[in-house]
Amino acid sequence: MIAALGVAELKLLLRNRTAAALAVLMPMAAGLYFALAMDGEQTGWTMIVTLQLLFSLGFTVYVTVTTSLTARRQDLYLKRLRTGAASDVVVLTGVLLPVVVLGLGQAVVLLGISVAAGAPMPARPELLVAAMVGGVALSCAAGVCTSGVTGTAELAQITTAPFFFALVVGGLVGSNGALELPVFLVPGAGLGALVGAAWGGPADQVGPAALSLVLWTVAATALAVRFFRWDPRG
Amino acid sequence: MIDVADLRCRYGDFEAVRGVDFEVRRGELFALLGTNGAGKTTTMETVEGLRAPFGGTVRVLGLDPFRERAALRSRTGIMLQDSGFPADLTAREMVALWGVTSGRRATEDVLERLDLAHRRDVRIKQLSGGERRRLDLALAVLGRPELLFLDEPTTGLDPESRQRTWEVVRGLLAEGTTVVLTTHYLEEAESLAHRLAILHEGLVAVSGALVDVLAAQPARIEFDLPERLDVGALPMLSGDVVHRPTGRVEVRTGELQDDMAELLAWARREGLRLGRIRAHHASLEDVFHSARTGREVVAA
Chain A
1 MIAALGVAEL KLLLRNRTAA ALAVLMPMAA GLYFALAMDG EQTGWTMIVT LQLLFSLGFT
61 VYVTVTTSLT ARRQDLYLKR LRTGAASDVV VLTGVLLPVV VLGLGQAVVL LGISVAAGAP
121 MPARPELLVA AMVGGVALSC AAGVCTSGVT GTAELAQITT APFFFALVVG GLVGSNGALE
181 LPVFLVPGAG LGALVGAAWG GPADQVGPAA LSLVLWTVAA TALAVRFFRW DPRG
Chain B
235 MIDVADLRCR YGDFEAVRGV DFEVRRGELF ALLGTNGAGK TTTMETVEGL RAPFGGTVRV
295 LGLDPFRERA ALRSRTGIML QDSGFPADLT AREMVALWGV TSGRRATEDV LERLDLAHRR
355 DVRIKQLSGG ERRRLDLALA VLGRPELLFL DEPTTGLDPE SRQRTWEVVR GLLAEGTTVV
415 LTTHYLEEAE SLAHRLAILH EGLVAVSGAL VDVLAAQPAR IEFDLPERLD VGALPMLSGD
475 VVHRPTGRVE VRTGELQDDM AELLAWARRE GLRLGRIRAH HASLEDVFHS ARTGREVVAA
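From first to last, the protein sequence lines stand for chains A and B.
In this text, residue positions in the first sequence follow the working numbering: the first is 1, and each later residue adds one.
In this text, residue positions in the second sequence follow the working numbering: the first is 235, and each later residue adds one.
Please keep in mind that the hints were generated in silico from the structure rather than gathered at the bench.
Treat the hints loosely; a few may be bogus.
As the list claims (entries may be wrong) - Cβ pair distances, simulated, as ranges: (1) P232(A) - H477(B): 48 to 54 Å; (2) R233(A) - G363(B): 19 to 25 Å; (3) T527(B) - P232(A): 47 to 53 Å; (4) G177(A) - S308(B): 53 to 59 Å; (5) L10(A) - D247(B): 54 to 60 Å; (6) A222(A) - D316(B): 55 to 61 Å; (7) R233(A) - A305(B): 41 to 47 Å.
Treat the numbers as computed from the prediction; the structure is a model and nothing was measured.
Glycine residues also receive a C-beta, built at the ideal position from the N, C-alpha and C atoms.
Sequences are here, hints too, so could you generate the full structure?
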């Protein structure tokens, strides 16, 4: 059931040019630019890899989840799906699945491009994996939540802006070495710090970084449960 | 099949459904009627398990439709008021998806049955309103559910499509499917329903078997009184006589046949011609109107 829902969602995503461009072309183009046009040796590869991951998570996962769920709710497609046998969790998982696969796939491809362009392999790859998995979970939960307060798919361009920028700025600051505790209050900072630590950044920040990512994900999930709506009528 | 007792539903502080009771029996078509805002879609969605009731109990096939949604779905088909189609899938893809997510696998080509076979590879956004509604019905009847909910299935359809929808519904009833229908078209309910309930302001105003509900309303005889004749000259009739300023006389009676015979015999004796004579039993529209206004019907 999840697979059938996921395939349908992937078709819908790719057949809508605006959504497809935003989810696929934009982050790929940006990621390529970061890897090829910014001088990795001078800028630092950690920052470039972090930016690539943040764009994949921010655009491909967070913005697309918000826009897709809002559009499907507007079409009353979500309401229809609830008249079927799939449980609410299965419906959401099915709709989110292609976005998650797309986001993770993109992140891996972009990382490969960076490595090919001269970036070193991560010293602690398990921290990179943790950042990717945690980042996807956070982006999905935040997207579900944001769609709950987004009336139309067009409005998603505005409603996604605050979290998106917090994620990117937090991530960049987070990847940048020694951090004070308040920095971890910004979403994305934990994620950035994990990526930084994967490439040899301070290891003593791994604990607070992971905690920050987990807490933000839990908070976003709780807010998603509170704000998400299946039916435009409320 | 369905038991609803003292159902109450709220939107914030507003109580849209204020204590509704009805039951639906196996194999019948039950019509849930009411004006806009009477609470019929809210009632329908609660019985379908899409929203939790605020109070009262709802049992569908012996189960709680909200908590035991998954167990019910393979046995029920639902056609919502709005189709809820994603614009960019084709009709064929939608049927394939629904065959999996409805829990009722397609056993036949439903697109064929609803005359959509030639449109199977067209994206849903390019289908006409009537075609979409037919696709919607096709999905609802997929795998022949025991119980079918149809929420305004023919709204916006042309007469031919509406006829086709009725044929499909009659076919399903003949095969033993139980149907719950809401509609704005009273002639639709009158032609299809076995039993019905009319909701008004969140309460059941009228309910029962269609024949009983219609029989409870007086029948009507109407005619133009010949000029210079006083209404007092009419024979004794069991019904109430109303003489309109237009010269039209209206008799509202529980004994249509007797009063009609009496009236015609009188006209023949007196050598009178009664203009534009018309006699009919109460229609569902009369019942609906009296339920809505809370008083007996006086037709204009």
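Cross-check of the supplied hints:
1. P232(A) - H477(B): 48 to 54 Å: Holds: the Cβ-Cβ distance is about 53 Å, inside 48 to 54 Å.
2. R233(A) - G363(B): 19 to 25 Å: Since R233(A) and G363(B) have Cβ atoms about 21 Å apart, the given range 19 to 25 Å holds.
3. T527(B) - P232(A): 47 to 53 Å: For P232(A) against T527(B), whose Cβ atoms are near 33 Å apart, the range 47 to 53 Å is violated.
4. G177(A) - S308(B): 53 to 59 Å: Given a distance of about 57 Å, which is inside 53 to 59 Å, the answer is holds.
5. L10(A) - D247(B): 54 to 60 Å: 42 Å, violated
6. A222(A) - D316(B): 55 to 61 Å: 30 Å, violated
7. R233(A) - A305(B): 41 to 47 Å: 26 Å, violated
In summary, the structure is inconsistent with hints 3, 5, 6 and 7 from the numbered list given earlier, while agreeing with the others.
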